[in-house]
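S.K.: Chain residues, written in single-letter form:
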Amino acid sequence: DAEITQSPRHKITETGRQVTLACHQTWNHNNMFWYRQDLGHGLRLIHYSYGVQDTNKGEVSDGYSVSRSNTEDLPLTLESAASSQTSVYFCASSDASGTDTQYFGPGTRLTVL
Amino acid sequence: QKEVEQNSGPLSVPEGAIASLNCTYSDRGSQSFFWYRQYSGKSPELIMFIYSNGDKEDGRFTAQLNKASQYVSLLIRDSQPSDSATYLCAVNAAAGNKLTFGGGTRVLVKP
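From first to last, the protein sequence lines stand for chains S and P.
Those letters in the first sequence? Residues 1 to 113, by our numbering.
Those letters in the second sequence? Residues 114 to 224, by our numbering.
Note that these hints are calculated values from the structure, not bench results.
Virtual Cβ for every residue (Gly too), placed ideally from N, Cα, C.
Hints are not guaranteed to be accurate.
[Unchecked claim] For lysine-lysine, the following DSS-like pairs were computed, each having C-alpha atoms within a straight-line distance of at most 25 Å:
hint: 1; chain 1: P; residue 1: K155; chain 2: P; residue 2: K223
hint: 2; chain 1: P; residue 1: K169; chain 2: P; residue 2: K180
hint: 3; chain 1: P; residue 1: K223; chain 2: P; residue 2: K180
hint: 4; chain 1: S; residue 1: K11; chain 2: P; residue 2: K169
hint: 5; chain 1: S; residue 1: K57; chain 2: P; residue 2: K211
hint: 6; chain 1: P; residue 1: K211; chain 2: P; residue 2: K169
[Unchecked claim] A few chain S residues facing chain P, derived, Cβ under 8 Å:
hint: 7; residue: W27
hint: 8; residue: N31
hint: 9; residue: T86
hint: 10; residue: F90
hint: 11; residue: T99
hint: 12; residue: D100
hint: 13; residue: G105
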């Protein structure tokens, strides 16, 4: 069955370290998205991609970067982790020719100390 | 003003009753509308989507869309304790495939 996975599921890191969160989908979807979810803010879009070599900034992109070298993966990198980036991160994907329905991965809980 | 607004709740309903959730959006050009359910500690999962004005029913769930008034609602009939979750409204902007999410409404169904 097609699915979307994220790793690691939990991560504790220190301020200033570089961190990469992985997202892998087997739906063969062109569109992939990264969100963060915090109490009081709901889901906020960090970066998104509509295909290989395409990346775009979302509403809260500062301090984050993504790259899309193939259809299946969209890793999210925190260049220099900050305590304000402690959050739950969700990856999602959707079919460009479909209904725009986004399917979510299980999430990664990141703690920056 | 937030682009997609929901009452944060909690919305407390007795088991077997109808839960009514509302969502308003600001972009008049929005084309498609989604309801997701999120259990505590889990990821959002799609309940249903709606594109056209009117009602759309799927089992115990009914989505209602009124583009003129810029609101979309979700009715949960015969509410069960397993329906206790946070319900997220999401709206597709007029251009692109991005979704904008509301803050979610927490629903508590009491036996």
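S.K.: Determine for every hint whether it applies to the structure shown.
M.R.: Structure-based check of each hint:
1. P:K155 - P:K223: 21 Å, holds
2. P:K169 - P:K180: Judged against 25 Å, a Cα distance of about 14 Å means the pair holds.
3. P:K223 - P:K180: 33 Å, violated
4. S:K11 - P:K169: 41 Å, violated
5. S:K57 - P:K211: It holds: about 11 Å lies between the C-alpha atoms, which stays within 25 Å.
6. P:K211 - P:K169: Holds: K211 (chain P) and K169 (chain P) sit about 22 Å apart, inside 25 Å.
7. W27: Cβ of W27 (chain S) sits 13 Å from chain P, so the hint is violated.
8. N31: Holds, about 5 Å.
9. T86: 16 Å, violated
10. F90: 6 Å, holds
11. T99: 6 Å, holds
12. D100: Constraint on D100 (chain S) satisfied, holds at 5 Å.
13. G105: 6 Å, holds
Of the numbered hints given earlier, the model fails hints 3, 4, 7, 9; all others are met.
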